[in-house]
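*Asks:* So the protein sequences, as listed, match chains H and W. Letter by letter, the first sequence follows residues 1 to 232 of this note's numbering. Letter by letter, the second sequence follows residues 1 to 370 of this note's numbering.
Hints may contain errors.
Said to hold, decoys possible - Straight line, CA to CA, 25 Å or less: simulated BS3-like cross-link-like pairs of lysine-lysine:
#1 W:70 / W:58
#2 H:129 / H:150
#3 W:369 / W:348
#4 H:182 / H:150
#5 H:128 / W:368
#6 H:150 / W:107
#7 H:128 / W:58
#8 H:10 / H:182
#9 H:129 / W:107
#10 W:247 / W:368
#11 H:150 / W:360
#12 W:360 / W:247
#13 H:129 / W:247
Treat the hints as calculated values from the structure; they're not laboratory data.
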Amino acid sequence: MELILDGVRKAFWLLVTSDPEVMGITLLSLRVSGLATLVSLIIGVSTGTLVALTRFPGRGLVVSLINTGMGLPPVVVGLFVTILLWRSGPLGFLGMLYTPGAMILAQAVIATPIVMGITLAAMQQLPKKLRLQILALGATRLQLAWILTKEARLPLLAAVMAGFGGVISEVGASIMVGGNIKGYSRVLTTATVMEASRGNFDMAIALGLILLVLAFAVNLVLTRIQQKERPR
Amino acid sequence: MSRPGAIIEGRGLRVTRGGSVIVDVPSFTVEEGEVLSLIGPNGAGKTTLLQTLSYLTKPFEGELFFRGRKVGPECPVLTYRRAIAMVFQEPLLFDSTVFENVASGLKIRGMKRGAIREAVTESLGRFGIAHLSDRSARSLSGGEAQRTSLARAFAIRPDILLLDEPFASLDPRSREPLIEDMQAVVKSTGTTAVLVTHDLLESLRLSDRIAVMDRGRILQTGPPEEVLNAPVDEFVATFVGTGTILKGQVVRNGRDTATLSVSGREIESAGSFPVGSHVILCIRPENITLSVPAATLREDGAPVTSARNVFAGTVTRVTPMGFYQKVGLDCGFPLVSYVTMQSRESLKLARGRSITVSFKATAVHVIKKD
């Protein structure tokens, strides 16, 4: 009990004094996961919409692959990206391994199928005739996709939440491709793992709390938007 | 080349799904400025034909011409689609305000803001929903939502309006005024419209021409009164509520009339037909008059009525149908007549009652059987 209370007290102090190391780690976490989510949104929403709107041979397989991808183990993604970026690997020449860039790449790989899957489901939930109606209003294919995306904006917010929530709390891939380098590629999750293994529970608790608050805050904002838009 | 006056012409239109033919229409035209309705039972292919005309659902076989230009090679599909507007049974509104909904087709066309405002305001006014402009489309009643959907379609000033059962899911209170408003807008703008409906009354009321469909084919196309009074076959006759459909054989031809034998009785019809040929007789229930036996005979026994066909009959059944009474009769052959509640009481119509049945030779429509 003493251990926990002491840890919480020290953690609180670290937060109140906005300890530069803690702040640095937090900002990097936000930046890496935010960018990864953005990348996954761009790829996931467009591809998800495309798959939802077109019929092609092997579509069923693609859909089930996307759905499987929604549950990709981060460690496997980390391994895959590590091999990809390894000095002698296919993308080794980029020299990206153990950089924040590599972490963004790995996290984007994790978040993209999540966003894609939710987009696909959201688009398929719209009335089938809505597509005909939009085309009958004279829309081009691109305008059709844009209007449908706007119509599915509420479930798409869920995709943002799920994507961001998934990657900000992910540790396996980040530690593998980022290397948890102090002041460079150390994020909330990797730092928490390290501090806890060292027995620095005050620091670990502080980082863990920030992670919780962040995840909560992002979801709160998005949920509020969603609730406001919801019909009475 | 397509015919002048035709705004849409279809040739060899055929839609097959999973091996079965859903639409098979060798030739089809919609005239400039007319309201044409496609009627028929469920599964007749009305909606599929409409969607083929809208060029929205492919694949289909055949060619479509818009004002004489073939859609695809001579008239780009997008140009064609932007000449049409479509309204479905469901309002299919976007999750935004009524104004934004009505503006959507214009926005898609890249119209300037000021022009959009003007066109939207006009369209909202035409459908009496100007006061709903800022309301969320989600908060509308069924009637208001369908008004918004129609206003959205009219805002783009379409050359052709395609309507897929737009009034089918409305309650009578919002349905009636909306049909009237739409009719007024169609008339005043001279918009060509194709209406899909399974409601005969609705199509009789709105259309310049009616096309009756069954199992993917168009059986008859013509003005409402023609389809009603001169159905081309038994299916159309049944669908338009002919009531009495009898099988007969031509006995002889007189001056302007033919005598037909039905179950041993003789019925006179207008026209002349090859003697001995088998025919089908159609008599609409509203053209059959019932009277008390004594009233139709003069003292010398001759009928008072000018109708050529007078029979003694027995009432087999009286069914109240809301505003009128459906009376089943047996005159040696079955007949169906409609009477008002008042007539039912004054004629004391009930099962077993003897009654005089009369109808004119011109009330008998004859279909030649081959």
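*Asks:* Next, verify each hint and record whether it holds.
*Replies:* Structure-based check of all given hints:
{"no.": "1", "hint": "W:70 / W:58", "in the structure": "16 Å, holds"}
{"no.": "2", "hint": "H:129 / H:150", "in the structure": "16 Å, holds"}
{"no.": "3", "hint": "W:369 / W:348", "in the structure": "38 Å, violated"}
{"no.": "4", "hint": "H:182 / H:150", "in the structure": "41 Å, violated"}
{"no.": "5", "hint": "H:128 / W:368", "in the structure": "45 Å, violated"}
{"no.": "6", "hint": "H:150 / W:107", "in the structure": "14 Å, holds"}
{"no.": "7", "hint": "H:128 / W:58", "in the structure": "15 Å, holds"}
{"no.": "8", "hint": "H:10 / H:182", "in the structure": "21 Å, holds"}
{"no.": "9", "hint": "H:129 / W:107", "in the structure": "20 Å, holds"}
{"no.": "10", "hint": "W:247 / W:368", "in the structure": "10 Å, holds"}
{"no.": "11", "hint": "H:150 / W:360", "in the structure": "63 Å, violated"}
{"no.": "12", "hint": "W:360 / W:247", "in the structure": "18 Å, holds"}
{"no.": "13", "hint": "H:129 / W:247", "in the structure": "45 Å, violated"}
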